[in-house]
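Undergrad: Protein chains in written order, with our numbering: chain A, 1 to 265; chain B, 1 to 265; chain C, 1 to 265; chain D, 1 to 265.
No wet-lab data here; the hints were simulated from the structure. Do not rely on the hints blindly, as some may be mistaken.
No copy labels: a pair is met if it fits in one copy or bridges any two.
What the hints assert, rightly or not - No more than 20 Å apart at the CA atoms, straight line, and that leaves these computed lysine to any residue pairs for SDA-like:
1. Lys46 x Leu58
2. Lys46 x Gln60
3. Lys126 x Ser102
4. Lys126 x Thr150
5. Lys239 x Glu23
6. Lys239 x Ala228
7. Lys216 x His241
There are 4 protein chains.
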Amino acid sequence: MNNKPWVLVTGGAKRIGAYLNQEFAKSGKNIVLHYHQAETEALALKTQLEAFNIEVFLWQANLNEPATIEQRFEELLKQVPHIELLINNASVFEQGSLLTSSLAQIQSNLNIHLTSPWLLIQALVKQAIKQNKPCQIINISDANLSHLYTSKAAYFISKKAQETLTELAAIECAPHVRVNAIAPGFVLEATVADTEVSTQISSPLSSKSSAQLATKDINILQRKVPLADLFSAIEFLSKNHSITGQTLQIDGGSHLQCPPYMLKN
Amino acid sequence: MNNKPWVLVTGGAKRIGAYLNQEFAKSGKNIVLHYHQAETEALALKTQLEAFNIEVFLWQANLNEPATIEQRFEELLKQVPHIELLINNASVFEQGSLLTSSLAQIQSNLNIHLTSPWLLIQALVKQAIKQNKPCQIINISDANLSHLYTSKAAYFISKKAQETLTELAAIECAPHVRVNAIAPGFVLEATVADTEVSTQISSPLSSKSSAQLATKDINILQRKVPLADLFSAIEFLSKNHSITGQTLQIDGGSHLQCPPYMLKN
Amino acid sequence: MNNKPWVLVTGGAKRIGAYLNQEFAKSGKNIVLHYHQAETEALALKTQLEAFNIEVFLWQANLNEPATIEQRFEELLKQVPHIELLINNASVFEQGSLLTSSLAQIQSNLNIHLTSPWLLIQALVKQAIKQNKPCQIINISDANLSHLYTSKAAYFISKKAQETLTELAAIECAPHVRVNAIAPGFVLEATVADTEVSTQISSPLSSKSSAQLATKDINILQRKVPLADLFSAIEFLSKNHSITGQTLQIDGGSHLQCPPYMLKN
Amino acid sequence: MNNKPWVLVTGGAKRIGAYLNQEFAKSGKNIVLHYHQAETEALALKTQLEAFNIEVFLWQANLNEPATIEQRFEELLKQVPHIELLINNASVFEQGSLLTSSLAQIQSNLNIHLTSPWLLIQALVKQAIKQNKPCQIINISDANLSHLYTSKAAYFISKKAQETLTELAAIECAPHVRVNAIAPGFVLEATVADTEVSTQISSPLSSKSSAQLATKDINILQRKVPLADLFSAIEFLSKNHSITGQTLQIDGGSHLQCPPYMLKN
Chain A
1 MNNKPWVLVT
11 GGAKRIGAYL
21 NQEFAKSGKN
31 IVLHYHQAET
41 EALALKTQLE
51 AFNIEVFLWQ
61 ANLNEPATIE
71 QRFEELLKQV
81 PHIELLINNA
91 SVFEQGSLLT
101 SSLAQIQSNL
111 NIHLTSPWLL
121 IQALVKQAIK
131 QNKPCQIINI
141 SDANLSHLYT
151 SKAAYFISKK
161 AQETLTELAA
171 IECAPHVRVN
181 AIAPGFVLEA
191 TVADTEVSTQ
201 ISSPLSSKSS
211 AQLATKDINI
221 LQRKVPLADL
231 FSAIEFLSKN
241 HSITGQTLQI
251 DGGSHLQCPP
261 YMLKN
Chain B
1 MNNKPWVLVT
11 GGAKRIGAYL
21 NQEFAKSGKN
31 IVLHYHQAET
41 EALALKTQLE
51 AFNIEVFLWQ
61 ANLNEPATIE
71 QRFEELLKQV
81 PHIELLINNA
91 SVFEQGSLLT
101 SSLAQIQSNL
111 NIHLTSPWLL
121 IQALVKQAIK
131 QNKPCQIINI
141 SDANLSHLYT
151 SKAAYFISKK
161 AQETLTELAA
171 IECAPHVRVN
181 AIAPGFVLEA
191 TVADTEVSTQ
201 ISSPLSSKSS
211 AQLATKDINI
221 LQRKVPLADL
231 FSAIEFLSKN
241 HSITGQTLQI
251 DGGSHLQCPP
261 YMLKN
Chain C
1 MNNKPWVLVT
11 GGAKRIGAYL
21 NQEFAKSGKN
31 IVLHYHQAET
41 EALALKTQLE
51 AFNIEVFLWQ
61 ANLNEPATIE
71 QRFEELLKQV
81 PHIELLINNA
91 SVFEQGSLLT
101 SSLAQIQSNL
111 NIHLTSPWLL
121 IQALVKQAIK
131 QNKPCQIINI
141 SDANLSHLYT
151 SKAAYFISKK
161 AQETLTELAA
171 IECAPHVRVN
181 AIAPGFVLEA
191 TVADTEVSTQ
201 ISSPLSSKSS
211 AQLATKDINI
221 LQRKVPLADL
231 FSAIEFLSKN
241 HSITGQTLQI
251 DGGSHLQCPP
261 YMLKN
Chain D
1 MNNKPWVLVT
11 GGAKRIGAYL
21 NQEFAKSGKN
31 IVLHYHQAET
41 EALALKTQLE
51 AFNIEVFLWQ
61 ANLNEPATIE
71 QRFEELLKQV
81 PHIELLINNA
91 SVFEQGSLLT
101 SSLAQIQSNL
111 NIHLTSPWLL
121 IQALVKQAIK
131 QNKPCQIINI
141 SDANLSHLYT
151 SKAAYFISKK
161 AQETLTELAA
171 IECAPHVRVN
181 AIAPGFVLEA
191 TVADTEVSTQ
201 ISSPLSSKSS
211 AQLATKDINI
221 LQRKVPLADL
231 FSAIEFLSKN
241 HSITGQTLQI
251 DGGSHLQCPP
261 YMLKN
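The shape of chain A in the complex, shown without the other chains:
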């Protein structure tokens, strides 16, 4: 093993997760590449990341099974004994109003957005305190949580609960570990350069893809958020040691005002 610090981005084989892993690899971090079902994408991304002269550890795990996730993560921590940065990014975006959401949908959203991230934080922070090594947590939130959208009720309520998790964890993990979040708005299509991991990324709360929208309707700054603006926010949070419990809205201002494309939700 080299001496480079390890990063774990959950849901790291696709979309924003894959992009972040590429940026971390470029900046010299080793990667725990987490995926659930996207084995093909994960293997392809692993090859790309290794070209940056870093180590990649594949970790297949289902965040919708919190009863097994604790043990799976303990096993991981035995093999990768120190992870400096955990990014809770994995997410599901299914339609479903409050009155029609099934119990299975409610529970999978809570598991993936709240309970499993909580368990990962517990295990990681306990180890960091025990080892007395630096450690940091960043949750990926959603700028549109600032408005009450009803089309994805299980998503909305579980992600709002994740915001509370961010704040309470910031208090509980201080002073050793800082816990923050970024809340992306409508993100530019992620055509990750030099990769097959090309995919369209948009706001989970929207029913339209960004391609269908006029630029001026996206947010008050009238610009899709470039993925680079998310990574610069993560780097900033990593380096500024006076910040904890903060959610950064990287969204062209959509947290301030219902963007027109959300109105029918």
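Position chains B, C and D relative to chain A; hints supplied.
TA: Only chains B, C and D this time, still in chain A's reference frame:
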């Protein structure tokens, strides 16, 4: 069956739930008396309530088992075909910090404070809309959620999620059904008159009972909240048809400022 | 002088203020009838109110001149030595975006919505504490402050500051005096029965009168707020002694979701 | 004149303002050095700043006189025709509870924290739009506004109103100009290296200087905020073009939990 309207208060055999059932019985409502393990208290309360010349229907159900609660509630709705007011009151108050909460604790708090109330709302509102009959929902929140307390992390996060449920449900159930909440602060000992149901009630987030506190330290109004002030708030919300999605802080002002007794949390 | 308690509603000769004065008169309160320029309306209303067998004291004062309002209020308190309830209701609703608001507009909005109410609270609460007599304050807020509307910037910012005033005053005036607010949404046309004080009332942040709107577009409850629902909220806040620092949204749920009629703002 | 971009920090001769001016000068910006009464400090700082090979324009102006500030700023804009970054930093920190604040105190706090910044934003943004040149605004807020402190009521209410100004201005000035804020907590003593501008900086809402506090009582991260962490936040906001209407808490987490030193307020 008489023609009186039915009310369901979850966790209705003890503490605030028992008090509310008594007030509803006095004001001429029939009662679905829900309990989980408190069979003794429930049977005693049933006898008392029936003295007010109303009907009482006992409903034993475990809100920590959402997988069965849907069916149990459907069965109830067949026997009590129209419930006009649902009060989601049942609660658990276990100690446990964010880093030490067990998975079982996290999940039971989510089940009892969020998922089961959500399922009850779904079934009740669908029926009310179908029957085109009046229906209303009031959640029992907690004034101290306004501050970030860490001693009962699973309680805190799941009850905050219930606040989001209140707001989203208010939108989703409008215009037919209104959904509101009351957030009690430190409540006066509930010595329910003429009953064996005497019990001490205090703030779930406090580690002290109200008997241990000087009056001036309880909240800025320096008064324990009388139970009658909770009931008057519920009556007000029931009668004012312009209010939905509102949480009423009935707390002597403790949502405004950390009460001294909470500081060690 | 009779022994009835005195109430002061600022801006009491027209619209919501006139309605509240009528309801207070009916319920046996003496009225300090405040007006600025509406002398004709004030004199007509005085005659009507006196029919309810209560006393009316006319008080002409310009809340846009805080430098004189202190002295004017001291003079009033010499003649009406104990006012039990102050309702800060006076308001101005001029168009003006943040970039085009004139200094005069910014300052008059701050004077009328923030500074003068603050000075009235100071004088009244000091006297109530000195006299050891009951006293209460209710500010009239606006449900649409929950969203960031830009068409009346000076109104918006000064009324938001009034919300902070409500909360800080609740702490500072406790335990002797409670300070709360109600936030009306789109209010029904006030055709005050049996009076000449008939006037159309709507949301200050809207550019449309309520007559121009389809009922379903007004708010999620699809109903204009009856004035009686405002008065019942004021009565509730007056009687429930465990509530302070609370703003009650009496708005058909418009604080939860941008009502369609506001979108162009 | 050189071609370097101009920056204006209000209250730029002392404390945080002086520090920021030094950092901007080091990074190659020209400085409009604003002061009110601190002429001695301003002249000394001007000499230091010019050593970095940039231009310094002294601007004496009283932000407590909004009636003259418009004209004074127009005159400035004629001489320094394009300011790329305005930092509303000037502040007053006088003691005074809500019940004892004088009218003069209320008005000076509103003038300095709200009205004059508002007027500066109006003039600057209009010019930037007209010239079609880049422009940005950052307000200096206060992390402790997250809690309701009562010892400096006029400060508290006017600074909270400035938060609303930040959000409304972000909407109104989009997409051309971004408006954000940073909210410092308890800041490390500013012993600005190589200067005579040495001064102790602390939280305006605290009655203690930072020297009197144990490190562990300052905030949950148990560290005084280094001034460099404020500057890095300003640089981040300047460079990330997807962020507007955001307040960054640079405070060791004190917005999350009442720091012990604030409790007596």
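Undergrad: Take the hints in turn and mark each one as holding or not.
TA: Checked hints:
no.	hint	result
1	Lys46 x Leu58	within (8 Å within a copy, 57 Å between copies)
2	Lys46 x Gln60	within (13 Å within a copy, 53 Å between copies)
3	Lys126 x Ser102	between (35 Å within a copy, 14 Å between copies)
4	Lys126 x Thr150	between (37 Å within a copy, 17 Å between copies)
5	Lys239 x Glu23	both (16 Å within a copy, 18 Å between copies)
6	Lys239 x Ala228	both (17 Å within a copy, 11 Å between copies)
7	Lys216 x His241	between (36 Å within a copy, 15 Å between copies)
The earlier numbered hints are all upheld by this structure, with none contradicted.
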